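Chains as they are written, first to last, in this note's numbering: chain A, 58 to 200; chain B, 58 to 200; chain C, 58 to 200; chain D, 58 to 200; chain E, 58 to 200; chain F, 58 to 200.
If you're looking for bench data, these hints aren't it; they were derived computationally from the structure.
Since the structure is predicted, the reported quantities are computational estimates derived from the model, not experimental observations.
A hint or two may mislead.
Remember, identical chains collapse to one label, so a pair may be satisfied in a single copy or spanning two.
As the list claims (entries may be wrong) - Here are the simulated lysine-lysine pairs, PhoX-like style, with alpha carbons at most 20 Å apart:
id, residue 1, residue 2
1, 89, 76
2, 99, 83
3, 118, 99
4, 73, 179
5, 118, 83
6, 89, 118
7, 188, 118
8, 188, 73
9, 76, 179
10, 188, 76
11, 188, 89
12, 179, 99
13, 99, 188
14, 188, 83
There are 6 protein chains.
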Amino acid sequence: MEQPEKDRPEASVAEKTRKTAALYFKNVADEKPYDLWRSFDKNLARDLSVFITGRMYAREKIPHTVRQLVTVAALTVLVRPEELRLHIQAALNVGCTPAEIAETIFQTAVYGGVPAVNTALKTLRSVLEEKGMWPMEQEDGGR
Amino acid sequence: MEQPEKDRPEASVAEKTRKTAALYFKNVADEKPYDLWRSFDKNLARDLSVFITGRMYAREKIPHTVRQLVTVAALTVLVRPEELRLHIQAALNVGCTPAEIAETIFQTAVYGGVPAVNTALKTLRSVLEEKGMWPMEQEDGGR
Amino acid sequence: MEQPEKDRPEASVAEKTRKTAALYFKNVADEKPYDLWRSFDKNLARDLSVFITGRMYAREKIPHTVRQLVTVAALTVLVRPEELRLHIQAALNVGCTPAEIAETIFQTAVYGGVPAVNTALKTLRSVLEEKGMWPMEQEDGGR
Amino acid sequence: MEQPEKDRPEASVAEKTRKTAALYFKNVADEKPYDLWRSFDKNLARDLSVFITGRMYAREKIPHTVRQLVTVAALTVLVRPEELRLHIQAALNVGCTPAEIAETIFQTAVYGGVPAVNTALKTLRSVLEEKGMWPMEQEDGGR
Amino acid sequence: MEQPEKDRPEASVAEKTRKTAALYFKNVADEKPYDLWRSFDKNLARDLSVFITGRMYAREKIPHTVRQLVTVAALTVLVRPEELRLHIQAALNVGCTPAEIAETIFQTAVYGGVPAVNTALKTLRSVLEEKGMWPMEQEDGGR
Amino acid sequence: MEQPEKDRPEASVAEKTRKTAALYFKNVADEKPYDLWRSFDKNLARDLSVFITGRMYAREKIPHTVRQLVTVAALTVLVRPEELRLHIQAALNVGCTPAEIAETIFQTAVYGGVPAVNTALKTLRSVLEEKGMWPMEQEDGGR
Numbered sequence: 058m059e060q061p062e063k064d065r066p067e068a069s070v071a072e073k074t075r076k077t078a079a080l081y082f083k084n085v086a087d088e089k090p091y092d093l094w095r096s097f098d099k100n101l102a103r104d105l106s107v108f109i110t111g112r113m114y115a116r117e118k119i120p121h122t123v124r125q126l127v128t129v130a131a132l133t134v135l136v137r138p139e140e141l142r143l144h145i146q147a148a149l150n151v152g153c154t155p156a157e158i159a160e161t162i163f164q165t166a167v168y169g170g171v172p173a174v175n176t177a178l179k180t181l182r183s184v185l186e187e188k189g190m191w192p193m194e195q196e197d198g199g200r
Numbered sequence: 058m059e060q061p062e063k064d065r066p067e068a069s070v071a072e073k074t075r076k077t078a079a080l081y082f083k084n085v086a087d088e089k090p091y092d093l094w095r096s097f098d099k100n101l102a103r104d105l106s107v108f109i110t111g112r113m114y115a116r117e118k119i120p121h122t123v124r125q126l127v128t129v130a131a132l133t134v135l136v137r138p139e140e141l142r143l144h145i146q147a148a149l150n151v152g153c154t155p156a157e158i159a160e161t162i163f164q165t166a167v168y169g170g171v172p173a174v175n176t177a178l179k180t181l182r183s184v185l186e187e188k189g190m191w192p193m194e195q196e197d198g199g200r
Numbered sequence: 058m059e060q061p062e063k064d065r066p067e068a069s070v071a072e073k074t075r076k077t078a079a080l081y082f083k084n085v086a087d088e089k090p091y092d093l094w095r096s097f098d099k100n101l102a103r104d105l106s107v108f109i110t111g112r113m114y115a116r117e118k119i120p121h122t123v124r125q126l127v128t129v130a131a132l133t134v135l136v137r138p139e140e141l142r143l144h145i146q147a148a149l150n151v152g153c154t155p156a157e158i159a160e161t162i163f164q165t166a167v168y169g170g171v172p173a174v175n176t177a178l179k180t181l182r183s184v185l186e187e188k189g190m191w192p193m194e195q196e197d198g199g200r
Numbered sequence: 058m059e060q061p062e063k064d065r066p067e068a069s070v071a072e073k074t075r076k077t078a079a080l081y082f083k084n085v086a087d088e089k090p091y092d093l094w095r096s097f098d099k100n101l102a103r104d105l106s107v108f109i110t111g112r113m114y115a116r117e118k119i120p121h122t123v124r125q126l127v128t129v130a131a132l133t134v135l136v137r138p139e140e141l142r143l144h145i146q147a148a149l150n151v152g153c154t155p156a157e158i159a160e161t162i163f164q165t166a167v168y169g170g171v172p173a174v175n176t177a178l179k180t181l182r183s184v185l186e187e188k189g190m191w192p193m194e195q196e197d198g199g200r
Numbered sequence: 058m059e060q061p062e063k064d065r066p067e068a069s070v071a072e073k074t075r076k077t078a079a080l081y082f083k084n085v086a087d088e089k090p091y092d093l094w095r096s097f098d099k100n101l102a103r104d105l106s107v108f109i110t111g112r113m114y115a116r117e118k119i120p121h122t123v124r125q126l127v128t129v130a131a132l133t134v135l136v137r138p139e140e141l142r143l144h145i146q147a148a149l150n151v152g153c154t155p156a157e158i159a160e161t162i163f164q165t166a167v168y169g170g171v172p173a174v175n176t177a178l179k180t181l182r183s184v185l186e187e188k189g190m191w192p193m194e195q196e197d198g199g200r
Numbered sequence: 058m059e060q061p062e063k064d065r066p067e068a069s070v071a072e073k074t075r076k077t078a079a080l081y082f083k084n085v086a087d088e089k090p091y092d093l094w095r096s097f098d099k100n101l102a103r104d105l106s107v108f109i110t111g112r113m114y115a116r117e118k119i120p121h122t123v124r125q126l127v128t129v130a131a132l133t134v135l136v137r138p139e140e141l142r143l144h145i146q147a148a149l150n151v152g153c154t155p156a157e158i159a160e161t162i163f164q165t166a167v168y169g170g171v172p173a174v175n176t177a178l179k180t181l182r183s184v185l186e187e188k189g190m191w192p193m194e195q196e197d198g199g200r
């Protein structure tokens, strides 16, 4: 492994995978998809992890905050609350505020329907409760 | 209607609806949902438009660029290409770049699957072609 | 086949299948699912048709008008415009009005999202245009 | 607020919102979406509630019984059991029978698939059990 | 009922329904859909069961192992974990290996997304745990 | 690049990607996803292609025929007719018969609903027509 950097794409993607995973999933206690995959197939787990975390999440075309909000929107309308829990925590880890995450969820109501929003809001509330960040402060008391 | 501003919430929401619609859908030639709804029910069309455009889109909790990217993500995984066309145009109108829109679409592949991404990319390509913005410039020629 | 009625369940279900199909799909020019299925597998086509039309649609637990509106709602949120075309025509055949069908579609917006509603409304509009029933009369000109 | 009725659309929609909510959700112990939304954003909660309950549910284009069955159908195929619980209770409150609700759920099997029906039937059964309305009486003992 | 076999299609389909149900759902302790349906409507339960188990599952156009893997794939991307539990057990009953079922689930990731795969893998793991077949043996320890 | 095979995982995966793509998509005239992705982002196109074709499709845990039928089932219930076209062609290329593909599609009706099946059958019919393989021969003329 004494090759110069440009000859070691797999070394650098492994490094990117580790760094990005650390950034996103710091202090996340839920079972990680990577561990679930590994219990079935170690090679495929590595391939999936390198592709998703090392190739996709590590790209720098949009800021991590936007990448996470975009992910929250997708998981809200798909109604995938377990994966959403992971990415709400990742969104907080990269600097999104609870209010921005809530707004992103509400914005999808017109597209994916209100019940999907309700499920996502309950997921957000449960994450914020676990972190001692609930109730959220509201800017004003209503019209 | 000579009441002071604070007593006229409906006047201000009508104004917000108009301004936000103008910002998002400037130069959009596709049939607008509002016109479709009006052909069935004028009152309900007004209620829907005021709620969606005046109440929801006009909120200032996240920037318009983020609101549009979040919307693009939701419409991609739901596979709603007609509505996606409208919001790709809105995203460009508020200042998102084609590369940011493409990245948002690609990011959803892990959650909503690759075929949904492909449909969205074709929609994006057709909008960019119509606007003379295709092919997109790529930063580098690959590894 | 000279058995009395009570011994011939299959004769009576075949009769119910024919009658219900005639009621629902009178004057429907679109390709019927039954003909599509038959081109692949004649036996399975018969089984599917007997189950769906003879067993399910022929039940008398709710009026045919309600059964069709319920079906319109399901097909709207699932975004199945080709099947929706068939059941909008069936709904008109059993006596639903265009306004009732439109209202049913609009009612689903909160659950399945607005883009799904838009696709369904366009489908309804195209059926009404073909039947010379467009534009729909509106009760009042708005508030 | 001494204006005549025609000048107070927002007063009348607030009244409609209250009346319709009381009609639909009388004796419903589950968390209401309105309360969930309020815990995140009081203004948006009001806007959503006024639009959904005051504007949409309060319309008189189809009877409340049909509006609820249509809603049950949509929520069944979308597999949204928490929201379905609310609307099964609303359906019973406006006068639908358990057999009509069950028939509506079964009717969607052809469109949204049998597993979605099974989830909805379990939700219906649990509501009927809570209300002491289970087991349902069946008209006949089978063929 | 003394007719010769060829005149008794319903007798033979009832027999096929019983045999196929016994093959697929031997030792399955979960509530069967048939019992759920019967608690609402005995006649419809019989019709659904005859169609699904006697007509559809009993067909011999593809082997039972392939029919079950195809079903696992459909239920994975639709995210129907309760029905998936039944068909993972049916797949094992007809001779599919845990590794084949896992591979089928992983293969859908590209189409239905990774969160749907994760839910299905957890369902598979829980069935294997109940049967004392967990952890799965892996062919090699990774690259 | 003079390293022995075991030190060149990326060389071998590139080779696997090429071989598997050639096997599956021989004589497929439709736009390939890889070409669509490349027009947006060459690096990401390579990563996606290597992961999907080189890592996932090239695995040998289930036969290619089963892998394609499983894929057909997933794309049927997701209603992705463009991607389904590609995989119906891949299924034929690896040796599945039209009758096996049709049966796989029909089998999903119970899970994803009949309208999704109808869309997939039309897609299958159009591929078979293009290849001069339509109408399909049926074993018997029905009961």
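Results for each hint:
1. Within a single copy, residue 89 and residue 76 get their C-alpha atoms as close as 15 Å, which meets the 20 Å cut-off; across copies the closest is 33 Å, which misses it.
2. With identical chains, the CA atoms of residue 99 and residue 83 are never at most 20 Å apart, being 22 Å at best within one copy and 31 Å at best between copies.
3. Taking identical chains as interchangeable, the C-alpha atoms of residue 118 and residue 99 lie at most 20 Å apart only when they sit on different chains, with a minimum of 14 Å there against 30 Å within one chain.
4. Taking the closest pair of Cα atoms, residue 73 and residue 179 never come within 20 Å of each other, the shortest separation being 32 Å inside a single copy and 28 Å across copies.
5. In this assembly of identical chains, the alpha carbons of residue 118 and residue 83 never lie at most 20 Å apart, being 22 Å within a copy and 26 Å across copies at closest.
6. Proximity of residue 89 and residue 118 under a CA criterion of 20 Å is satisfied in neither setting, with 25 Å inside one chain copy and 24 Å between copies.
7. Taking identical chains as interchangeable, the C-alpha atoms of residue 188 and residue 118 are never at most 20 Å apart, the minima being 30 Å within one chain and 22 Å between chains.
8. For the homomeric pair residue 188 and residue 73, neither the shortest alpha-carbon distance inside one copy (28 Å) nor that between copies (36 Å) is at most 20 Å.
9. Within a single copy, residue 76 and residue 179 get their C-alpha atoms no closer than 30 Å, and across copies no closer than 27 Å, so neither meets the 20 Å cut-off.
10. For the identical chains of this complex, residue 188 and residue 76 are neighbours neither inside a copy (23 Å) nor across copies (38 Å), given an alpha-carbon limit of 20 Å.
11. Within a single copy, residue 188 and residue 89 get their C-alpha atoms as close as 19 Å, which meets the 20 Å cut-off; across copies the closest is 24 Å, which misses it.
12. Taking the shortest Cα distances, residue 179 and residue 99 sit within 20 Å of each other only across copies (16 Å), while inside one copy they are farther apart (34 Å).
13. When the C-alpha separation of residue 99 and residue 188 is checked against a cutoff of 20 Å, the pair qualifies neither within a copy, at 32 Å, nor between copies, at 22 Å.
14. In this assembly of identical chains, residue 188 and residue 83 lie within 20 Å of each other by CA distance solely inside one copy; the values are 13 Å within and 35 Å between copies.
Violated hints, listed in ascending order, are 2, 4, 5, 6, 7, 8, 9, 10 and 13; each of the other numbered hints is respected by the structure.
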